[in-house]
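*Asks:* Protein chains in written order, with this note's numbering: chain P, 53 to 258; chain G, 53 to 258.
The hints are all genuine.
Where chains are identical, the list cannot tell them apart; a pair therefore holds if satisfied intra-copy or between any two copies.
Listed next, the in silico BS3-like pairs over lysine-lysine satisfying Cα-Cα at most 30 angstroms (straight line):
#1 Lys95 with Lys76
#2 Lys98 with Lys186
#3 Lys186 with Lys95
#4 Lys98 with Lys76
#5 Lys186 with Lys136
Hints were generated in silico from the structure; no laboratory data involved. Because the structure is a prediction, the values reported are computed rather than measured.
Protein chains: 2
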Amino acid sequence: MNDLGPEARSGDGAIERLIDLMAKLPGLGPRSARRAVLTLIRKREKLLAPLAEAMAEVAATARSCIQCGNVSTSDICPICRDPKRDPSVICVVEDVADLWAMERAAVFRGRYHVLGGALSALDGVGPEELRIPKLANRAGEAEVTEVILALNATVDGQTTAHYIADALADRGVRITSLAQGVPIGGELDYLDDGTITAALRARREV
Amino acid sequence: MNDLGPEARSGDGAIERLIDLMAKLPGLGPRSARRAVLTLIRKREKLLAPLAEAMAEVAATARSCIQCGNVSTSDICPICRDPKRDPSVICVVEDVADLWAMERAAVFRGRYHVLGGALSALDGVGPEELRIPKLANRAGEAEVTEVILALNATVDGQTTAHYIADALADRGVRITSLAQGVPIGGELDYLDDGTITAALRARREV
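Next up, chain P with everything else stripped away, as it sits in the complex (with noise of 0.2 angstroms):
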């Protein structure tokens, strides 16, 4: 299959500058970048247009959220904007994705903190690398009484989950976790011995 590299043509310049740049997206390799510009351009008014609209908007408004370092248009995101949502209480998350993850399970109603990444001495990401210190000045302002770390439950989340923790000592803040155990809809022959263990030690009564 010469499915990779200069061979993947169209024969007009445009049209492949199009599927060359589509083909860098995650999750899209040469063949579906071709599929999807093919569909591009079959529903030009109803897709292609739009698409190339909300991206130009996109990539001339996108930044972080100075306060919570969530991808917006504004300098303040939705979120904190809203207030509706509880400022006592603040969520902290390692990427934006995560904060996705948390706004679709629609059951947490304060606010967040996107760190940006995890601890990580093999990538040499350090706490000066996230955004920690902002968390820590947060943490200390008179509203907040709750920090919810909700962190992979990964070596490198739980490590950020400690060094946090440690950090945040001397706000005078309730530091909690997300609990770990058997997921929802989780059948034990297929979990791992980790999440067992761990599921096994936060037993509780029924």
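Since chain P is already given, all that's left is putting chain G on it; use the hints.
*Replies:* For chain G alone, coordinates are given in the frame of chain P:
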């Protein structure tokens, strides 16, 4: 998993709109659309802005080549314009994607004719819906000596091939079709009966 519908939310209108549009691309769902949009925002200068521009350009200029039906940003596509391509051979394909596949093989040096589909009683696609009259005209031009039918080896594709062969019978051109047989790298054990039958019938002296 709440992966569908209005819960796929970043909280930001412009970003949400972009995610919704991206999720309409073939091969992308809501989850991969969100991932793609995060990548786009991270690579704003290098990917998002150029992509917005390339899409706007293609949206403004894409059309079908009036000669062969290939997608193009000019009235006559680069392949039909190319004086080095042999005008005496026309390769008939169902879709633009098939034309691109032929071009990737980089072995055919003639010109194309894109039908825009195949005859299909089930889907109500008759000869008028395809570009068969235009093909008959082209095949009647003095310089054309051969029409290669490179249609899919499906029932509809082969029906279409027979129909075209009949329609062009009086045009005085050679009508050929792609060989059917064992694909390169193909293992007999994994091939369907139809392919093995076709390969056996078309067997050649070695």
